[in-house]
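> Sequence:
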Amino acid sequence: MTTMLIADDNRSSVSILQEYALKEGYQVSTAFDGYDALAKARDHSFDIILLDVMMPGLDGFEVCRAIRRDSNVPIIMVTARGEDYDRIMGLDTGADDYIVKPFSPAEVMARVRAVLRRMQRDEAAPGEFFTYDGLKVNLAEYHTELDGELIPLTKKETELLWLLAKNQHKVFSRDNLLESLWGYDYEGDARTVDSHIKRLRAKLDVREHSGWEIKTIWGVGYKFEVLP
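Each residue of the sequence shown is one higher than the one before, counting from 729 in the working numbering.
Everything labelled a hint here was simulated from the structure, so no lab data went into it.
All figures in this text were calculated on a predicted structure; none of them were measured in a lab.
There's no promise every hint is true.
As the list claims (entries may be wrong) - Once the Cα atoms are required to be at most 25 Å apart in a straight line, the calculated SDA-like pairs of lysine to any residue come out as: (1) Lys-943 / Ala-893; (2) Lys-751 / Arg-793; (3) Lys-883 / Arg-841; (4) Lys-951 / Ala-918; (5) Lys-883 / Tyr-860; (6) Lys-768 / Pro-784; (7) Lys-943 / Asp-820; (8) Lys-943 / Arg-841.
Said to hold, decoys possible - Computed Cβ-Cβ distance ranges for the label pairs, DEER-style: (9) Val-934 / Thr-730: 19 to 27 Å; (10) Lys-829 / Arg-770: 21 to 29 Å; (11) Leu-878 / Arg-739: 20 to 28 Å; (12) Pro-830 / Ala-868: 38 to 46 Å.
Every residue gets a Cβ at the ideal spot worked out from N, C-alpha and C, and that includes glycine.
Using the sequences and the hints, build the whole thing.
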């Protein structure tokens, strides 16, 4: 049975989402503040988490960031904050999708199914390794090293690096990357890709890597380029 954590300080929202989730056959746990949400996420192996941003104690961004330090459980942010900055912030901290209130509970469940399908597809793919000039990426374990130093990438950052690195010199448009990594049903825009590229570069640049770079092709997109 698929297990779900719904974390939101609005008990009415939790009740509605819980009712719909139970009808779909999910086993549901609930939390009403950030500390309780984080404790339950660490104590149980949930299949998916619905996480509100504005919660007492720890906000949803802090909870998501803490969970991502040791888990790749799918996380969908559900919040009343719909500004672009908040959407990007949620995705940058490791969320897999972002839904703005007021929402349709049926839409939330559809997003849950879509995220779980993507996870099942990713897990079904054979584990692979990429190694080049000090860079080592283990996609199966979402583990990245540069010159022997662990680089703490999020799930999406790892997948982004993997896709670019495994297709050296191929230029990916922002739409290509959105479709490949977030899926056709994702409603975000190109700024999500730009934000992830910026954060990925910042993390990789802690170590010198003169043999390759993630290059911007202006007006087109990005590629992993091997340097002479």
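> Are Lys-883 and Tyr-860 close enough, with their CA atoms no more than 25 Å apart?
holds (20 Å)
> For Lys-883 and Arg-841, compute the direct alpha-carbon distance and say whether it is at most 25 Å.
holds (19 Å)
> Next pair to validate is Lys-951 with Ala-918; report whether the Cα-Cα distance is within 25 Å.
With a Cα-Cα distance of about 15 Å, the restraint between Lys-951 and Ala-918 holds, given a limit of 25 Å.
> Check whether the Cα positions of Lys-943 and Arg-841 lie no farther apart than 25 Å.
Between Lys-943 and Arg-841 the Cα gap is close to 34 Å, so the pair fails against 25 Å, i.e. violated.
> Does the beta carbon distance between Val-934 and Thr-730 stay inside 19 to 27 Å, or does it fall outside?
violated (37 Å)
> Run the distance test for Lys-751 versus Arg-793: straight-line Cα separation, threshold 25 Å.
violated (30 Å)
> Between Pro-830 and Ala-868, does the C-beta distance stay in 38 to 46 Å?
This hint holds: roughly 39 Å between Cβ atoms.
> Given the proposed pairing of Lys-943 with Asp-820, does the C-alpha separation stay at or below 25 Å?
Holds. Lys-943 to Asp-820 sits at ~20 Å (cutoff 25 Å).
> Run the distance test for Lys-768 versus Pro-784: straight-line Cα separation, threshold 25 Å.
Given that 25 Å is the threshold and the Cα spacing comes to 16 Å, the pair holds.
> Could you check the hint for me, namely that Lys-829 and Arg-770 are 21 to 29 Å apart, CB to CB?
holds (26 Å)
> Is it true that the C-beta distance of Leu-878 to Arg-739 lies inside 20 to 28 Å, as the hint says?
Because 40 Å falls outside the window, the suggested range is violated.
> So if I understand the rule, the pair passes when the alpha-carbon distance is 25 Å or less; does Lys-943 with Ala-893 pass?
It holds: about 11 Å lies between the C-alpha atoms, which stays within 25 Å.
The structure does not agree with the numbered hints 2, 8, 9, 11 stated previously, though it agrees with the rest.
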